[in-house]
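> Make a model of the complete structure from these sequences and hints.
Protein chains: 2
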Amino acid sequence: MKELSHLLLLAAFAMGSAIAADPAPNGITLPQGYKDWRVISVSDRSDNNTLRVILGNDIAVQAARAGKTNPWPDGAILGKLAWENSVHPKWEKATVPGDFVQAEFMHKDSVKYASTGGWGYARWVGLDQKPYGKDASFAQECVGCHTPVKDNDWVFTHPAKLP
Amino acid sequence: MKELSHLLLLAAFAMGSAIAADPAPNGITLPQGYKDWRVISVSDRSDNNTLRVILGNDIAVQAARAGKTNPWPDGAILGKLAWENSVHPKWEKATVPGDFVQAEFMHKDSVKYASTGGWGYARWVGLDQKPYGKDASFAQECVGCHTPVKDNDWVFTHPAKLP
Numbered sequence: 143m144k145e146l147s148h149l150l151l152l153a154a155f156a157m158g159s160a161i162a163a164d165p166a167p168n169g170i171t172l173p174q175g176y177k178d179w180r181v182i183s184v185s186d187r188s189d190n191n192t193l194r195v196i197l198g199n200d201i202a203v204q205a206a207r208a209g210k211t212n213p214w215p216d217g218a219i220l221g222k223l224a225w226e227n228s229v230h231p232k233w234e235k236a237t238v239p240g241d242f243v244q245a246e247f248m249h250k251d252s253v254k255y256a257s258t259g260g261w262g263y264a265r266w267v268g269l270d271q272k273p274y275g276k277d278a279s280f281a282q283e284c285v286g287c288h289t290p291v292k293d294n295d296w297v298f299t300h301p302a303k304l305p
Numbered sequence: 143m144k145e146l147s148h149l150l151l152l153a154a155f156a157m158g159s160a161i162a163a164d165p166a167p168n169g170i171t172l173p174q175g176y177k178d179w180r181v182i183s184v185s186d187r188s189d190n191n192t193l194r195v196i197l198g199n200d201i202a203v204q205a206a207r208a209g210k211t212n213p214w215p216d217g218a219i220l221g222k223l224a225w226e227n228s229v230h231p232k233w234e235k236a237t238v239p240g241d242f243v244q245a246e247f248m249h250k251d252s253v254k255y256a257s258t259g260g261w262g263y264a265r266w267v268g269l270d271q272k273p274y275g276k277d278a279s280f281a282q283e284c285v286g287c288h289t290p291v292k293d294n295d296w297v298f299t300h301p302a303k304l305p
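These protein sequences, in sequence, are chains C and R. Sequential numbering from 143 applies to the first sequence in my numbering. Sequential numbering from 143 applies to the second sequence in my numbering.
Treat each hint with caution, since some may be false.
The list cannot tell twin chains apart, which means a pair is met if one copy fits it or any two copies do.
Calculated pairs, SDA-like style, for lysine to any residue (alpha carbon to alpha carbon, straight line, at most 20 Å) [what the hints assert, rightly or not]: (1) K272 - K303; (2) K222 - K235; (3) K235 - P290; (4) K303 - N191; (5) K232 - T289; (6) K292 - Y255; (7) K222 - P165; (8) K177 - N199; (9) K303 - G175; (10) K235 - N294; (11) K177 - I201; (12) K272 - G240; (13) K177 - D200; (14) K272 - Q244; (15) K272 - Q282; (16) K177 - P305; (17) K177 - A162.
None of these hints come from the bench; they were simulated from the model.
Structure representation (C-alpha cells):
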C-alpha cells in the first residue's frame, strides 16, 4: 500500500501541468498545450493597460500565414494571453508584462457556434485559470465587444507581418 | 530540358521559405524556423515606437519556464521580432503591429562569445532580412545597449508569467 500511494503521488506530480482547468460555462474546455502555440500577433491596450500576445493552433497559424482569415477556417482556435502593463526596471520606456491577467480563446465552428457569429468564446482568469462567466450567457458580452469587427469575421487580430 | 527547368522551378518554389538570409557580419546565421518558436515575453517600447515579441528556441523556453535564466544556459537562443507601432483601425486604444522592423537574436555560448558577455548578437532588418552591421564590430553596439542589464546575464527580457 505504501508503494501504491507513492506511485499515485508520483503520477499526480507528473500530471501536474496537465491537470485541466474547469470548463467555461458554455462547455468549452481549456485547449491543452496552448502555451506552446505559435505567435500570430501582439497588442498593447491603453484602455485597460494590458499587453497581449495572440497565439493560434496549427489551423489558425496556417490560415494566418496564408492570408486566409476572413473568414477564418473552421477548426481555428485563437488564444489571447494578457498581462498587466509594467515598467521595465532598467529601461523605463519599455512596457513589459506584469501580473498575468487571463487567457481567452475563440473557437471557429461556423455551425456549432452559429448563434455567436461562428465563434465559441471562453476565458480563464488568473494564474489559477478560473473560468469566466456565471452561465453560458457570458458569451453575449464577448459578442457585444467584438461587434466593431464583425466585418473581419468578428476578430480584432490582424496577423502581424512576418518575413 | 524543359522538364528539368520545370523541376528546378518547382524545387526553388518549394524551398521558398527555407532560402537562408545572408549571415551577420560576425558569421552568425539566421536560425531556421524561428517563426515557429514559442513565446517568452512581449514588450512595447515608447522610445522607438515598436511592439516586440520575444521568442526562444527549445533550450531557452525550457530555461524560462524553469526560472533558470540568470545565467541562461549555453545553447539558448532568444529571438526578438519588432514591428512599428500602429493604431488598430477599429479600437484606437489598441496599439498593434504595423510594418515589420527587424528580427534580432542572442545566442548563448559562454566560451565562444566570451568577449561579448557570453552572447553572440545578430540582427536582420526588414521583410527581406538584410543583415545588420558593416563588420563584426557591430556587436559592440549591442553590448553597449545591453550594459544596463549585465546583472541579468545581459538580457532585458524577464519571462512573462504563465499559468
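> Next, verify each hint and record whether it holds.
Now the hints, each set against the structure:
no. : hint        : verdict
1   : K272 - K303 : between (33 Å within a copy, 16 Å between copies)
2   : K222 - K235 : between (24 Å within a copy, 17 Å between copies)
3   : K235 - P290 : between (31 Å within a copy, 13 Å between copies)
4   : K303 - N191 : between (24 Å within a copy, 16 Å between copies)
5   : K232 - T289 : between (39 Å within a copy, 10 Å between copies)
6   : K292 - Y255 : within (15 Å within a copy, 51 Å between copies)
7   : K222 - P165 : within (17 Å within a copy, 34 Å between copies)
8   : K177 - N199 : both (10 Å within a copy, 14 Å between copies)
9   : K303 - G175 : between (24 Å within a copy, 16 Å between copies)
10  : K235 - N294 : between (33 Å within a copy, 18 Å between copies)
11  : K177 - I201 : both (16 Å within a copy, 16 Å between copies)
12  : K272 - G240 : within (19 Å within a copy, 33 Å between copies)
13  : K177 - D200 : both (13 Å within a copy, 13 Å between copies)
14  : K272 - Q244 : within (9 Å within a copy, 37 Å between copies)
15  : K272 - Q282 : within (19 Å within a copy, 47 Å between copies)
16  : K177 - P305 : between (23 Å within a copy, 9 Å between copies)
17  : K177 - A162 : within (14 Å within a copy, 28 Å between copies)
Checked against the numbered hints listed earlier, the structure breaks none of them; every hint is satisfied.
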